[in-house]
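Asker: Chains A and B, in that order, are what the protein sequence lines are. Heads up, the first sequence is in this note's numbering, so the first residue is 1 and it goes up one at a time. Heads up, the second sequence is in this note's numbering, so the first residue is 1 and it goes up one at a time.
Please keep in mind that the hints were generated in silico from the structure rather than gathered at the bench.
To give an idea of the interface, some chain A residues facing chain B are shown, with a C-beta separation under 7 Å as derived from the structure:
#1 C99
#2 M100
#3 E118
#4 D119
#5 T130
#6 F133
#7 R134
#8 A152
#9 A155
#10 L171
Residues of chain A placed beyond 12 Å of chain B at every Cβ, according to the derived structure:
#11 R22
#12 G26
#13 D37
#14 T49
#15 N72
#16 L104
#17 Q109
#18 A210
#19 A214
#20 L256
#21 L257
#22 G267
#23 E272
#24 T296
#25 R300
No residue lacks a Cβ here, since even glycine has one placed at the ideal position from N, Cα and C.
2 protein chains.
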Amino acid sequence: MDFPLPRIEGVVHDPGEYIEIRELIGTRLAALLPPADSEQDRVGLAMRTSLLSGGKRIRPTLLVLAGRGLGNNSPALLDLGCAVEMVHGASLILDDLPCMDDALLRRGQPTIHRQFGEDVAMLAAVALLTDAFRLVASIPGVPAEARVQLIARLAEASGMQGLVKGQYRDLHDNAHLCSAHAALTTNELKTGALFEAAMAMAAIASEAGAFATASLSRFAQALGQAFQLHDDLTDDHGGYGKDAGQDRGRTTLVALLGTEAVRCRLGVHLEEAEGHLAQIFGPDQSIRRYVHVLFTQLARNL
Amino acid sequence: MDFPLPRIEGVVHDPGEYIEIRELIGTRLAALLPPADSEQDRVGLAMRTSLLSGGKRIRPTLLVLAGRGLGNNSPALLDLGCAVEMVHGASLILDDLPCMDDALLRRGQPTIHRQFGEDVAMLAAVALLTDAFRLVASIPGVPAEARVQLIARLAEASGMQGLVKGQYRDLHDNAHLCSAHAALTTNELKTGALFEAAMAMAAIASEAGAFATASLSRFAQALGQAFQLHDDLTDDHGGYGKDAGQDRGRTTLVALLGTEAVRCRLGVHLEEAEGHLAQIFGPDQSIRRYVHVLFTQLARNL
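Let the sequences and hints guide you as you build the complete structure.
Answerer: Encoded structure:
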């Protein structure tokens, strides 16, 4: 462990509850995706392969736990989590394509376009994106007024204001804007956008007040920065079943500031993230325990 | 004119009203898309180039006219039309990519990926798709319950049930399923899906009854088939500023049935389309006059 891990008083680690949510997400996604029975349906198969071959389900787990922490026990949280995971899956398929990162491996397996071809990969990404919106539009038990807000928030995170802009900057702007500020903004767009959307969606679905909504948003921003820094730090040795060295030639914070400064910054972001959560949730709530486990894993993997 | 054009009694052609709607759609799209002032924003520029370089705006014009014909004079119809046009634009960008049709020209200009690169083209398509959903989610003056229905309908047409499946079949299944039935199903998915969605959206936004909704849906199916047949017939000589011969090697109805049989079938579909419209709208209504003009243009271009 190379950075100061935030201390959370009274945290008792019980991994059972997060594993249960992760499995619920997996089961629900399997039910929502096109059935696996059609040999000819290569697009459906690519969608299933992309979303049902592992993955930590961090975004949906955080969404479900944040919603529950806000007193919402509706099964709609699970479907909202699945919608966020679909958008995440679509963005990974697209990021890996030859014209983007040209990645060979993802989660230890050949990337989707290497398994199914570029055309099928691209269609699978589009289908995952549109399915995410279709799912949120028809979630039972959520008022229509909240559903349109949820859709607008998810669309914002996926489009020009979020993932699209982040990916573009990651590919193009880094060559020109070699500053820590620019790298941080790209991180925020690329990784933070979907974390923020997930937390905003938990808040909307749970009718959270302005303070809780704002704190969750700040938590998500800090968490997104931390994750992207962690990615930058681990990129050189490719320890996650992804291609190593994907970031070479790009301006990462590691290149700008050096490894030690980035480790320190990562610790600061995690502390910030934990601080924002602490403003809403007590230490005995699941989301804080889960975040503590996540942070511990992040620290261990460095 | 090589096919029997349906006769519409009492139709007086006044092109002014369709030109006005087409211009309104263009102006509204220009306002909705990312501003053109940022040199660095290549994704935004690709979105604007894709949607503001001509285009007949058939889908949004039909949507606005169908809505008005159903007694709806809300400006929301224009925004719904823009959302449909964004999805259409996204599908054209993706269809033209090297891993899909590998097209060089669209509307007489180099295709988007040739102007901006594959990565920017793909991101622009994703941004157009997500912007379409964001737009519908926040259209003022439409009840939230209708907005979620509109989003679900648009997502259905864009995803695995519509454009995605149609494009996949167009690329892959034709090699195996060399039947007129298979070619017709592909046409319906590829071209009909968005026409159908546009008409369903006009019906939802205008609170149309079951009969009008069903008739509009059948009108859209027949119109979609007619357009795809027209595309198949004109493909050989590339008369629309698109690449000629894109369909070579694929099973089109022209290859299966011959040119004359397809012309005849096109006439039948146009007659069907006009018949379904006639069940809802009187001959003096704009949508029937517009469809008559469209059909006349289709016939002239063969």
